[in-house]
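Can you make the complete structure from the sequences, with help from the hints?
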Amino acid sequence: MNRKIADRIATITFVGLSMIIVAILLYLFAYIIMNGFSKISWDFLTSPSSNILAGSGIRDQLFNSFYILILTLIISVPLGVLGGIYMAQYAKPGKLTNFIRSCIEMLSSLPSIVIGMFGLLVFVNTTGWGYTIFGGALTIAIFNIPVMVRTCEDAIRSVPRELKEASLALGITQWHTVKTVLLPSAFPGILTGVILSAGRIFGEAAALLYTAGLSTPRLDYTNWNPFADNSPLNIFRPAETLAVHIWSINTQGLIPDVTEKAAGASAVLVISVLIFNLLARWIGSMYYKKMTATK
Amino acid sequence: MKKIKKLSLAILVSIFALVLAACGSGAEDTNNNSSSSNGNEGNQGEEKTEELSGSIVISGSSAMQPLVAAAAEQFMAENPKVDIQVNAGGSGTGLSQVAEGSVDIGNSDVFAEEKEGIPADKLVDFKVAVVGMTAAVNPNVGIKDISKADLIKVFTGEIKNWKELGGADQEIVLVNRPDSSGTRATFVKYGLDGAETAEGITEDSSNTVKKIISETEGAIGYLAFSYFTDDAVTPLSIDGVEATDENVQTGKFPIWAYQHSYTNGEPEGLVKTFLDYLFSDDVQKTILPDQGYLPVTDMKVERDATGALSDIK
Amino acid sequence: MRNTTELSSHRLLKSNKNRKDSELKGNIIVKSSAIIIITLTIALTVFLSIKGLQSFIKNGINPWDFITGTNWNPTSETPSFGSFNFIFGSFAVTMLSALIAAPLGIGGAIFMTQIAPKWGNKLLRPVIELLVGIPSVVYGFIGLSVLVPFIRNHVGGLGFSLLSGTIVLAIMILPTVTSISTDALNALPKNLREGAYALGATRWQTIKKVLIPAALPSLLTAIVLGMARAFGEALAVQMVIGNVSDFPNSITDTAATLTTIITLNIGHTTYGSIENNTLWSLGLILLVMSFIFILIIRFLSSRRKI
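Residue numbers (the UniProt record's numbering), protein chains in the order written: chain A, 1 to 295; chain B, 1 to 313; chain C, 1 to 306.
Just so you know, the hints here were simulated from the structure itself, not pulled from any lab data.
Careful, some of the hints might be misleading.
As the list claims (entries may be wrong) - Quick list of in silico lysine to any residue cross-link-like pairs, SDA-like style, CA-CA up to 25 Å: (1) K164(A) with A187(C); (2) K20(C) with A23(A); (3) K164(A) with D154(A); (4) K81(B) with T222(A); (5) K179(A) with K209(C); (6) K25(C) with I35(C); (7) K252(B) with Q284(B); (8) K189(B) with S80(C); (9) K160(B) with N71(C); (10) K164(A) with K20(C); (11) K163(B) with R152(C); (12) K58(C) with D121(B); (13) K95(A) with P217(C); (14) K189(B) with Y227(B); (15) K122(B) with T126(A); (16) K92(A) with L138(A); (17) K4(A) with K20(C); (18) K209(C) with S301(C); (19) K31(C) with I271(A); (20) K95(A) with D154(A); (21) K122(C) with I271(A); (22) K252(B) with K160(B); (23) K252(B) with D121(B); (24) K4(A) with A198(C); (25) K31(C) with I24(A); (26) K189(B) with T75(C); (27) K285(B) with A77(B); (28) K209(C) with R8(A); (29) K290(A) with D154(A); (30) K31(C) with I190(A); (31) K122(C) with T222(A); (32) K189(B) with P254(B); (33) K122(C) with I283(A); (34) K92(A) with T222(A); (35) K31(C) with I50(C); (36) K95(A) with S80(C); (37) K252(B) with E78(B); (38) K148(B) with E158(B); (39) K118(C) with I24(A).
What follows is the structure, encoded as structure tokens:
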């Protein structure tokens, strides 16, 4: 009887622990949305931010966040995918592979502030670029690459063995097998990973404070020439992202409606991340259905 | 399941549409906002004989960034071919970068002479504004005036409870700035006569400091005048001198500092024109007071890097 | 349909030379990515080490005093640079937050994998992925507006404290701990559990005596990875811990961590000045700690039983 009671208690404890986790999240989420949702308006999303006046918006910051996100993905996804292929297919067990694995773990667990300091040293000072979108994107790519490598390695490893072996048995070379068999089958898994990592990039602030800067020049959204100084597409201009904006208006802002703006911006950020998550789950389930239906 | 999918897709599409629309309508918004919300910008229609063009990169003090950015915005509105980038990153960063020559103007809230490793003799100092600051306490402390000697005792930890100064029976909680902060340097130098402060909560940003003081019983910190817009915190008079713009201008109130713009060597061309603009009435009489700064042109006293005060003739 | 497959297989089985060329090309592309990753890691280490050692080499600060000294006063007439209190602060919040997050995270993982997989996957997993996505700035802001006043009013002290930092960090590392633990428990062979049930063990006995011991190295890895994250977190902690360089006397006392001192000061100091150099040295300590966390993880995974 005793062990049954112990079992009961244990079950209740685990359920309780899980409920605490859910409660924490629900609270955080409710707090952010309740405080911020009413502040989101068309005006808020489409007007430029101001350092002094009430009623400013987050237009530029929103654009910068998406732009840095896209640039980071352009840099880190190809490298990450290739790294993942290497780890899953090419790497032979041994000292070297072990070393690379340590490098990847190391990069992915580095504090973002340390990576930010490295970015400040290399992409801001050594190159002489100053604060730029590009420097910011390169800096975030440093910790996104290992994440992508892992995701891709897992995705490629989870491709059914028979598929790969059948291809190799046909006398197709390894590289061709990777290109024509493994990558297409692993693609949905990789995509899900990319979208989930996008959430983290979107919310990153510490690494961007010292690399992309705290200010945005006056932007002219009709100027699509990426080399013009006031073009939103210029990658060598400083850019304040949404997460950095929340940080900076909370800390330095002189606008009279600091709390409202910060709450609104936080809500926009969290909702964006939520959308990334939903998108990832949706693609995941589509993929699952497709795979199970065709097989 | 299907419904959720459709819903998430709809949300996505609308978000993208929103972002696109936001980008599209951007250009007009900028113009509308800057002219409608700032009614008293002064005469923008001044005729310029030759059109200016080129670009300026500015970096430095994050406290000064809003001020210079606002001035730059007006300057660019008058000279559409000019592009001015105002970065923030801290006074140290600004001074380092202007000394290296990677930016045209470096903003700082302290004299370059006070920072180690900066070739101050090579830099040219433009004191564009004055900022006054004073000690601020939680309103429940019940004190509005403090003598300088007592202020020093409070910040060095010699006095530990407000009742010793005739206030409420509350323990004193110090709210400090980081060691390297210009605000702290100014306050310690002119408010505490250089006394070393005791340890306390340390925050860099004025908003956070204000929040902490207003929410913590017995808290005291120091803030620029521009943060005394409501009753959340009580600014203290020092030795009976009220912390007002007037008293700073006449030199009666001791705790104030210049906001500096440094250039590497004498400025030329566009950089000079912009610096001149910073001293024009358009900036000194409108943008500065709006942001809680004091116009440097109204000062009746001046100060050098060593802190020596003298009258302006 | 048939034609195309024939065509493509024909294309795939091109002449030997072509095949070798393409294989070589693939090899080079893939390997170069591995080389980039290695270079990146080495460059990061070298750059940060050079910069971080400046204060010892150029400014002549004794490294031992730097690490063990308890007096941090860079701006006084006789500056002193003792970072022990920050190192202690970093370790204290890291350990304490792991103490909170570990039982919660592993408990949640057990619930998700052993007790209610369906519920777990439908409710808990999305919840956890969302927690990952909340930016640290937002955590810090909520900590400042909700947690700090709560602790001030109900626990005591100023509210800005080790405790506040610990709680914020615990919530932040919870997703890391939970998701890696879940993966670890899912990776256990099914027959382990079934074998235990077949022997008449209850679920709790199975979990306690079979599953947890079997997954222990991976579960510890989950905790260490969470700790690595906590150790490096900057902005959220800075907003709630108080950043006082004195040694904390109790858990409700204010403290400071390595990261908070760096973020507070780096913008104000000038490149090459002694103050700036010591901040980079603090960064180097963070880097070295990450190395140590990775070594611990490597050690744990080499002991993985299954």
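Taking the hints in turn, this is what the structure says about them:
1. K164(A) with A187(C): 22 Å, holds
2. K20(C) with A23(A): 58 Å, violated
3. K164(A) with D154(A): 15 Å, holds
4. K81(B) with T222(A): 16 Å, holds
5. K179(A) with K209(C): Answer violated: K179(A) to K209(C) is near 45 Å, above 25 Å.
6. K25(C) with I35(C): Between K25(C) and I35(C) the Cα gap is close to 15 Å, so the pair holds against 25 Å.
7. K252(B) with Q284(B): 21 Å, holds
8. K189(B) with S80(C): 20 Å, holds
9. K160(B) with N71(C): 22 Å, holds
10. K164(A) with K20(C): 19 Å, holds
11. K163(B) with R152(C): 21 Å, holds
12. K58(C) with D121(B): 24 Å, holds
13. K95(A) with P217(C): 21 Å, holds
14. K189(B) with Y227(B): 21 Å, holds
15. K122(B) with T126(A): Satisfied, since the Cα-Cα distance of roughly 22 Å is no more than 25 Å.
16. K92(A) with L138(A): 29 Å, violated
17. K4(A) with K20(C): The given pair, whose Cα atoms are some 65 Å apart, is violated under the 25 Å limit.
18. K209(C) with S301(C): 20 Å, holds
19. K31(C) with I271(A): Status violated; Cα separation ~39 Å.
20. K95(A) with D154(A): 21 Å, holds
21. K122(C) with I271(A): Holds, at about 19 Å.
22. K252(B) with K160(B): 28 Å, violated
23. K252(B) with D121(B): 30 Å, violated
24. K4(A) with A198(C): Holds. K4(A) to A198(C) sits at ~16 Å (cutoff 25 Å).
25. K31(C) with I24(A): 44 Å, violated
26. K189(B) with T75(C): 12 Å, holds
27. K285(B) with A77(B): 18 Å, holds
28. K209(C) with R8(A): Roughly 16 Å separates the two Cα atoms, so the pair holds.
29. K290(A) with D154(A): Holds, because 19 Å separates the two Cα atoms, which is no more than 25 Å.
30. K31(C) with I190(A): This hinted pair holds, its Cα atoms lying about 20 Å apart.
31. K122(C) with T222(A): 44 Å, violated
32. K189(B) with P254(B): 10 Å, holds
33. K122(C) with I283(A): The hint holds at about 16 Å.
34. K92(A) with T222(A): 52 Å, violated
35. K31(C) with I50(C): Measuring from Cα to Cα gives roughly 28 Å; hence the hint is violated.
36. K95(A) with S80(C): 43 Å, violated
37. K252(B) with E78(B): 38 Å, violated
38. K148(B) with E158(B): With Cα atoms ~13 Å apart, K148(B) and E158(B) stay inside 25 Å; holds.
39. K118(C) with I24(A): Roughly 21 Å separates the two Cα atoms, so the pair holds.
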